[in-house]
Every structure is written in structure tokens, then in C-alpha cells.
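Whole structure, please, built from the sequences with the hints as guidance.
From first to last, the protein sequence lines stand for chains V and E. Using this note's numbering, the letters of the first sequence map in sequence onto residues 1 to 236. Using this note's numbering, the letters of the second sequence map in sequence onto residues 1 to 395.
If you're looking for bench data, these hints aren't it; they were derived computationally from the structure. Hints may be right or wrong, so weigh each one.
Cβ pair distances, simulated, as ranges [said to hold, decoys possible]:
no., chain 1, residue 1, chain 2, residue 2, range
1, E, Phe333, V, Glu207, 46 to 52 Å
2, V, Lys126, E, Ile91, 52 to 58 Å
3, E, Pro189, V, Lys126, 26 to 32 Å
4, V, Thr113, E, Thr6, 50 to 56 Å
5, V, Thr117, E, Met340, 52 to 58 Å
Examples of chain V residues lying across from chain E (beta carbon under 7 Å, computed) [as the list claims (entries may be wrong)]:
no., residue
6, Leu50
7, Lys52
8, Phe74
9, Ser77
10, Ala100
Stretches of chain V that chain E covers, calculated by requiring three or more beta carbons in the stretch to come under 8 Å of a beta carbon on chain E [what the hints assert, rightly or not]:
no., region
11, 81-90
12, 109-123
All values derive from a computational prediction rather than experimental measurement. A virtual CB, placed ideally from N, CA and C, is assigned to each residue, including glycine.
As a plain string of letters, each chain reads:
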Amino acid sequence: MITLSQLTKQYKGVTVLDVPELTLNEGGIIGLVGNNGAGKTTMMSLILDLIKATSGQVTIDGKPVNEDPVWKTFTGSYLDASFLIEFYTPEEFFAFVAEAYSISREELARRLTQYETLMDGEILGKKKVIHDFSNGNRQKIGIIAAMLVNPRFLVLDEPFNYLDPSSQIVVAKLISQMSRELGTTVLVSSHNLNSISDICDRILLLEKGKLLMDKAHVPGEKDAELEAYFLDAAGR
Amino acid sequence: MITIKTLTRLYFRQLFRYRKQELFAMIGMLIYGWVGVLALSQFKGRFPLWLFFLAFLLIDFILFKLLSQKDNTVMDAFLKTRPVPERRWLIYVVLCQCWSHFNLMMPLILLPFCLAVFPTGMAFLVFAGLYLVSVAGGLLNVLIKRSGPYKKENVVRVNARQSLWGSRFGSGTFGIQIKGFLRSKLVLPELVMFCVFLYQFYTRGRSEASTGDIYLFMALFSSVLSFPQYGLAIEACFFSGIWTRPVPVRQILADKYIFSLMCTGVMSLICLPVVLIVHVPVLDLLADAVFCGGFCTLIVLADAFSCRPYDPFAVASFKSGRSGQSAFRFSSFVITMAIMIVYVILRLAAPDSVTTGILFGLGILAICLHRPFFAWRERKFLADRYYYMQKFSDQ
Chain V
1 MITLSQLTKQ YKGVTVLDVP ELTLNEGGII GLVGNNGAGK TTMMSLILDL
51 IKATSGQVTI DGKPVNEDPV WKTFTGSYLD ASFLIEFYTP EEFFAFVAEA
101 YSISREELAR RLTQYETLMD GEILGKKKVI HDFSNGNRQK IGIIAAMLVN
151 PRFLVLDEPF NYLDPSSQIV VAKLISQMSR ELGTTVLVSS HNLNSISDIC
201 DRILLLEKGK LLMDKAHVPG EKDAELEAYF LDAAGR
Chain E
1 MITIKTLTRL YFRQLFRYRK QELFAMIGML IYGWVGVLAL SQFKGRFPLW
51 LFFLAFLLID FILFKLLSQK DNTVMDAFLK TRPVPERRWL IYVVLCQCWS
101 HFNLMMPLIL LPFCLAVFPT GMAFLVFAGL YLVSVAGGLL NVLIKRSGPY
151 KKENVVRVNA RQSLWGSRFG SGTFGIQIKG FLRSKLVLPE LVMFCVFLYQ
201 FYTRGRSEAS TGDIYLFMAL FSSVLSFPQY GLAIEACFFS GIWTRPVPVR
251 QILADKYIFS LMCTGVMSLI CLPVVLIVHV PVLDLLADAV FCGGFCTLIV
301 LADAFSCRPY DPFAVASFKS GRSGQSAFRF SSFVITMAIM IVYVILRLAA
351 PDSVTTGILF GLGILAICLH RPFFAWRERK FLADRYYYMQ KFSDQ
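Have a look at this one:
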């Protein structure tokens with residue numbers, strides 16, 4: 001269980017995130033939405049202990065993330081390209097991740113077969129380093145590296161960016177499958193309301209660092225309240 | 001429309017804002033040159049001019065121009081999308097050679113030597129000649145870099161886009177050290193520095209053992225200069241990916257240390273035949289190797305976190321590292337200079353047996369203590385990690 005308590009983050013006196021209380025229970029797919037600058041990436045960075053909270057804390061299974069690194073052993077994440085080792089080939093990068101999580105070569109090969117549809121023959125065996133792939137393929141590499149460890153907790157920041165429509169559908173299916181079969185708790189942010197609506201069973205709406213909405217959602221259904229909010233925001 | 005004036009202003013802004021370390025290093029070398037004039041005054045009037053120019057050309061063109069000069073010759077993506085005609089860009093690149101600090105510094109450093117060994121008027125004439133040779137070397141460097149084949153791959157195929165060197169060395173944190181080294185632009189400077197110092201050792205070692213030993217040390221120390229001094233500069237590019245995974249920071253430091261020991265070991269083996277030829281005791285080689293690989297690497301890596309990200313794919317002067325900054329840190333320059341000065345004092349002032357014993361002792365002590373040392377450094381890092389990680393991502 002992931003808990004955010006009195007969590008705030010300020011930059012030069014400006015509050016960019018202010019979450020009094022938020023609990024993410026085991027299992028389920030939580031969608032994080034909001035306009036640019038809402039604080040989505042900041043929240044994820046705080047959960048992953050990449051930045052220091054101004055106040056409050058994040059705990060996973062009761063242990064503060066900034067004090068006990070045990071959460072790293074069961075968490076997979078991909079926020080942006082800075083997660084990638086660009087001078088590695090995809091094979092080497094996956095092997096690096098597997099070694100970090102004590103996954104054997106045979107097991108790694110077996111797990112990578114689950115992502116063959118997503119890779120679509122464009123990732124492995126190309127004999128080039130990650131830097132030389134397109135943005136879309138690099139995004140795929142990062143997502144696969146986060147998911148192949150079969151994490152209990154998965155954090156993906158705008159995973160549908162740069163992906164073609166087919167790949168977006170595949171990624172959405174993989175996320176749903178992981179949550180259903182492994183019980184993974186997934187926190188995913190996106191500007192793509194359709195993708196979020198299709199897979200999430202809980203939606204969090206952030207605006208200027210504050211949690212405006214926290215509601216249950218039926219995957220596959222449109223959320224009229226959410227659409228109304230963004231239409232209204234566009235009109236302001 | 002972007003004019004030459006705008007390009008020039010951008011050049012000097014990025015020079016004084018992001019590359020101050022280069023200027024400080026060159027000012028230091030300039031001062032060293034002016035101090036060194038006293039030693040050469042005995043050669044006044046007897047120095048062969050042709051040798052002077054030849055030595056200058058080799059050192060300036062190979063070390064400064066080919067390996068170090070970061071002045072861009074090809075527009076980076078930022079400029080390509082702006083209305084800068086190719087002809088205007090070429091004029092700007094050529095004009096840059098006239099005021100580039102790279103072209104000016106070597107002649108300035110050698111000016112006191114000129115005054116020491118030539119008559120005064122002749123000295124200034126030689127200085128002007130050196131400056132012209134330097135500018136010509138800079139223009140030749142521009143031509144080489146703009147030629148098609150050079151753009152695709154460097155001389156020894158170290159371009160990360162073309163080369164998959166190191167594929168056999170595993171993919172864990174140790175693989176990062178080897179592949180980060182082999183697939184970045186650090187290999188060529190390392191090889192050249194090593195060869196230059198080894199040659200100096202060969203020529204000087206036959207005449208004077210103590211100064212020859214200094215060059216032997218520099219040949220072995222070149223691997224510490226080339227790689228560990230960058231600290232976590234390579235990992236800084238993807239530190240978020242490391243931090244969110246169960247990869248201990250002390251393991252990264254230890255892998256860097258072992259890699260540096262390996263490099264020093266390999267270089268020692270290469271130096272062995274030369275050591276035997278010039279009749280320098282093999283024990284000196286061993287002591288230098290243990291000191292360099294064991295002790296010097298540890299000291300340099302103590303400063304591992306105060307680094308800037310090193311972008312192995314950066315090519316342009318407006319973006320020599322991430323955010324246009326050089327990965328080279330002034331603090332590591334100070335540390336490496338201090339180590340060299342201490343070594344020179346030891347070699348020149350203390351008896352050989354004492355020096356060898358001290359070097360051996362420090363090296364072995366460092367090797368024995370490197371793990372607890374890195375565990376301590378890791379604790380220090382964890383205490384201040386947000387500051388360091390913010391630095392990595394800001395730059």
C-alpha cells in the first residue's frame with residue numbers, strides 16, 4: 001500500500017504539489033490526469049524518491065521511501081528518457097535491469113516474449129544503441145524495462161507519448177493484463193483521456209498541485225465529469 | 001536573420017558561462033610557462049628554431065586541436081532550424097579560429113620560452129609565427145571535421161553510433177564502466193596521452209632516471225585523468241534510472257575503481273618493455289602502477305559526485321556536454337594537479353627506496369580500504385542525494 005501524507009513540494013516559494021492524504025491500495029490501475037504543470041510528474045518523482053518533499057512523506061508498505069530502499073526491489077518505473085542508458089543496446093539495457101533485479105537470462109528471455117507485439121520487430125537485434133532509436137521506440141524500451149521486472153508497483157509517466165495508435169492500445173492492454181494477472185498496482189499519468197478511461201478503475205485529477213478529484217471509474221466508460229472539467233479549463 | 005555578430009556573441013557567452021574551467025586551466029599553464037622561463041635561459045641563442053616549430057606543431061595540433069578543441073564546425077540542431085546560411089556559418093567558423101582561446105593559448109604559453117631562448121625581436125617574430133601556425137592548425141582541424149568520413153566515425157571507431165565495443169563485457173554496473181568508456185569519446189584522448197607520455201619516458205628515461213620516472217608515472221596516471229576524474233558524469237545522464245532500481249551507489253564506485261585498476265594494469269604491461277629498455281627498475285613501474293591505480297583513483301573518486309553529466313553523443317561547441325557545459329570539473333583538476341605535484345616532489349627530493357616504499361604503501365592501503373571508503377562515500381551521498389540528483393538533472 002502506498003500512502004502520501006501531508007505531502008507538499010515547493011520550488012522558490014511556489015507550491016507545486018499539496019496532497020494532504022492519498023492512499024493507493026494494492027492492485028488496480030490509478031490514472032493521474034491534469035493539465036500541464038498540474039504536478040503529475042512531481043507527485044511521481046516524490047513517490048520514487050527522486051526529489052525531496054518540502055514536507056510530509058511517502059510510505060510504501062509502511063516504510064518511508066526516503067529512508068528504506070526496499071521498495072526498489074518490487075517497483076518498476078519509467079518517467080522519461082533519463083531512465084535509459086543511451087549508449088547501451090536494448091538487449092544490454094534489459095540485461096542490466098534483469099541483473100539489478102536478480103532475474104536470470106533464461107527468465108529474461110521468457111519475459112521478453114510477452115512484449116514481442118509491442119516491440120514489433122523494431123527493438124531487438126538491431127545492433128544499435130538506444131540513442132539511435134526513434135522517440136517512440138525509446139519509449140517502448142523504457143516501458144518494457146519497467147514492466148519486465150513484474151513489479152508489485154508500477155509507475156509510468158505519460159507512457160502513451162510518442163507511440164502510434166496501435167502501440168498505445170498494446171501498452172494499455174499490457175498494463176491491464178499486468179494488473180489483472182499479477183495484482184500490480186499501477187500509477188499511470190497521461191494527457192490521453194481515452195487511454196486513461198479505457199484502463200483505469202480510479203482517476204485522480206490534479207490542478208495546480210491540488211487533488212481536485214479522486215473517484216472510482218469503470219474501465220471502458222467515458223467520464224463526463226472529467227471531460228467537462230477539461231472543456232471548462234480550455235474555455236477559461 | 002542570425003548574423004555573425006549574434007553567433008560571435010553566443011560563442012563568447014557559452015565560453016565564459018560554461019567553459020570557465022578551460023580558461024582557468026589555460027591561465028594556470030600560462031603562469032607555469034612564465035615561471036619556466038628561468039630554467040631555459042641557459043639555452044639563449046643556441047636553440048634550433050625548426051625543432052621548436054616541429055614540437056609545437058605536434059603538441060598543439062594533436063593534443064589541442066584534434067583531441068581537445070571543441071569549437072563546432074557543424075551547426076547543431078538549434079542553429080540548423082534557424083535562418084543561418086551555410087556560407088555565413090563557414091565564415092563564422094573561419095573567423096573563430098582567429099580569436100579562439102585554443103589557438104591563442106599555446107603561443108602565449110610558449111612566449112616566455114621564446115624570450116628565454118631567442119633574442120627579443122626574434123622571440124616576438126617566433127610568437128607571431130606560432131600563432132599563425134596555430135590558426136592554420138585550427139583551420140585544418142575544421143577541414144578534417146567537416147569532411148564526410150570524419151563526421152561518420154572517428155579514427156579508431158569510437159563513435160557510439162557506429163561502434164558496439166565492449167559488447168562482451170556484461171551489462172551490469174561494471175559493464176557501464178567499460179562500455180561507457182569504450183563507446184564515448186574518452187578512448188582517443190586516453191590512448192594519445194598514454195602514447196605521448198610513454199614516448200617522453202623512453203626519450204628522457206635513458207638520460208635521467210628521476211625525470212624519466214615522472215613521465216612513466218604520467219603515462220600510468222593518464223588513465224586516471226581520462227576516466228575516473230569524470231566521477232559519475234556518465235551515470236549522471238541516467239541517474240534516475242539507477243536510483244529507482246536496487247543498484248547501490250557504492251557498487252558503482254567500486255566498479256569504477258576496479259575498472260581503473262584494470263586499465264592501469266594493462267598500461268603497466270605495455271610500459272614493461274620500455275622500462276626494461278631504459279633500465280629503470282621494474283620495482284619503480286610496479287610502485288607507480290599500484291600508486292596510480294590504487295591510491296590516485298581512490299582520491300579522484302572521492303570527488304565523484306560533484307560532476308556534470310557527460311554526454312557521450314555531444315558533438316557541438318554550443319553543446320559540448322549536456323546543457324552546453326563541459327563535464328570536466330575544476331575540483332578534479334585541482335586534485336589531479338596536487339597528486340602530480342606531490343609525486344614530482346617525492347621523486348626529486350626523496351631517495352628512490354623511500355619513494356618506492358611510500359608509493360607502494362599508499363597504493364596497497366588504498367586497495368585494502370577501497371570498499372569501506374566507498375561505503376562511507378555512499379553514506380555521504382545518501383545524506384545529500386537530493387542536491388546531487390538535482391544537479392545531475394539541472395545540467
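Results for each hint:
1. Roughly 48 Å separates the CB atoms of Phe333 of chain E and Glu207 of chain V, a value that falls within the hinted 46 to 52 Å.
2. The given range of 52 to 58 Å is broken by Lys126 of chain V and Ile91 of chain E, whose C-beta atoms sit roughly 40 Å from each other.
3. Under the hint 26 to 32 Å, the C-beta atoms of Pro189 of chain E and Lys126 of chain V, about 29 Å apart, fit the expected range.
4. The supplied range of 50 to 56 Å is met by Thr113 of chain V and Thr6 of chain E, whose beta-carbon atoms lie about 54 Å from each other.
5. A hinted range of 52 to 58 Å for the beta carbons of Thr117 of chain V and Met340 of chain E is consistent with their spacing of about 57 Å.
6. Among the interface hints, the one on Leu50 of chain V holds; its C-beta lies about 6 Å from the nearest C-beta in chain E, closer than the 7 Å criterion.
7. The criterion of a C-beta within 7 Å of any C-beta in chain E is met by Lys52 of chain V, whose closest approach is roughly 4 Å, and the hint holds.
8. At its closest, the beta carbon of Phe74 of chain V sits 9 Å from a beta carbon of chain E; the interface hint therefore is violated under the 7 Å criterion.
9. Hint status for Ser77 of chain V relative to chain E: holds, with the closest Cβ pair at about 5 Å, below 7 Å.
10. Here the hint on Ala100 of chain V is kept, as its CB sits about 5 Å from the closest CB of chain E, short of 7 Å.
11. A count of 8 residues in the region 81-90 of chain V with a Cβ less than 8 Å from any Cβ of chain E is obtained; the coverage claim is therefore met, three being the minimum.
12. With 0 residues carrying a beta carbon less than 8 Å from a beta carbon of chain E, the region 109-123 of chain V misses the three-residue requirement, and the given coverage is violated.
Figure legend: structure checked against the earlier numbered hints; hints not met, in rising order: 2, 8 and 12.
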